[in-house]
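Using the sequences provided together with the hints, build the complete structure.
Here the protein sequences line up with chains A and B, keeping their order. Residue numbers for the first sequence follow this note's numbering, so the first one is 1239 and each next one is one higher. Residue numbers for the second sequence follow this note's numbering, so the first one is 1239 and each next one is one higher.
These aren't lab readings, by the way, just hints derived from the structure by calculation. Worth double-checking, as some hints may not be accurate.
[Said to hold, decoys possible] Calculated lysine-lysine pairs in the BS3-like style (CA-CA distance at most 30 Å, straight line):
#	chain 1	residue 1	chain 2	residue 2
1	A	Lys-1244	B	Lys-1353
2	A	Lys-1315	B	Lys-1301
3	B	Lys-1285	A	Lys-1346
4	A	Lys-1315	B	Lys-1328
5	A	Lys-1345	B	Lys-1301
6	B	Lys-1327	A	Lys-1294
7	B	Lys-1353	A	Lys-1315
8	A	Lys-1327	B	Lys-1320
9	A	Lys-1353	B	Lys-1315
10	B	Lys-1346	A	Lys-1314
11	A	Lys-1293	A	Lys-1319
12	A	Lys-1345	B	Lys-1285
13	B	Lys-1301	A	Lys-1327
14	A	Lys-1315	A	Lys-1346
15	A	Lys-1320	B	Lys-1301
16	B	Lys-1349	A	Lys-1346
17	B	Lys-1349	A	Lys-1285
18	A	Lys-1353	B	Lys-1319
19	B	Lys-1328	A	Lys-1314
20	B	Lys-1328	A	Lys-1285
21	B	Lys-1319	A	Lys-1285
22	B	Lys-1282	A	Lys-1319
23	A	Lys-1319	B	Lys-1293
24	A	Lys-1346	B	Lys-1315
25	B	Lys-1319	A	Lys-1314
26	A	Lys-1315	B	Lys-1346
27	B	Lys-1346	A	Lys-1320
[Unchecked claim] Here's a subset of chain A near chain B, in silico, CB distances under 7 Å, partners left out:
#	residue
28	Leu-1245
29	Leu-1311
30	Val-1318
31	Phe-1341
32	Ile-1355
33	Lys-1356
34	Glu-1363
Owing to the predicted nature of the structure, the values given are computational and were not obtained by experimental measurement. Where is the CB? At the ideal position from N, CA and C, for every residue including glycine.
Protein chains: 2
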Amino acid sequence: MEKKNKLPSISDSEWLVMEVLWNESPKSSHEIIETIDHPTWSPKTIKTLIFRLEKKGLITHEKGRREHQYFPLFEKKQYVKKESNNLIKKLFGGATAPMITHFIENKKLTKSELKEIKSLIESMEGDEK
Amino acid sequence: MEKKNKLPSISDSEWLVMEVLWNESPKSSHEIIETIDHPTWSPKTIKTLIFRLEKKGLITHEKGRREHQYFPLFEKKQYVKKESNNLIKKLFGGATAPMITHFIENKKLTKSELKEIKSLIESMEGDEK
DNA sequence: CTAGAAAAATTACGGATGTAATCTTTGGGT
DNA sequence: ACCCAAAGATTACATCCGTAATTTTTCTAG
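Here it is in structure tokens:
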């Protein structure tokens, strides 16, 4: 059984639009534009991104009275997994542990964050295999 | 003092070439091609990637007698940091701990990996602030 | 019902990327 | 000294991306 993972790809700019819809949907393009509030983008640009996302099958809409109401067709979770797997593959040849080690060593975490992670690990250790 | 982090970007394909040189350099283009052994790429393609990398200032070469000897101008470490920061920013709004949590929860790690990470954390806890 | 404003759809355009093919130079063998 | 194969440099071309502008459709106010 293969995990074919055939998610359409999302560019960095498009990602910002998806974030908005993942946070709350449906939203009209007008609402999306307001929510994004990107310092340099023209509203036109955001319209384009919405258009492309729909064309790629990442979002869809239903007709509202004045404006379309957009909502996402995939969950953020799936993309978080996909993107992080890609990076692990690229940076660490697919090995997760070195990645985690890298983060712990290089990104100064607070004492309480460390503690939390430690207890998460402890709870995992209890589990299976 | 800002970390301007002005590293030239490396595309996914180019990354494979960089990997080769990061592993061992200098190498001739011919050696790079052999080492990569990508199932579908023509050697021409790899030449192009080398050419682009040099143009972007990521690698350079010195004249050998028959072939150029290429070597990287940046360390992999810098790129690992950059790429992982980008992803953390994109997926978790810049917060490292949730990223780590995500990995620990979603990527089945072995008992010994968990143990190793735990002791790394413990050693960090000892340290500063 | 009609015209103007707002939204949607289409088109634009340069740079990056994946993936090569072609043209040019040069070191080595005869 | 000269020619050719191999290496290097240049060019190609379709697609994706960032970033819009232009064109078309459609609701709503008169």
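Could you tell me which of the hints above the structure violates, numbers in ascending order? Checked against the structure, the hints that fail are numbers 1, 2, 3, 5, 12, 13, 15, 17, 21, 22, 23, 28 and 29, while the rest are satisfied.
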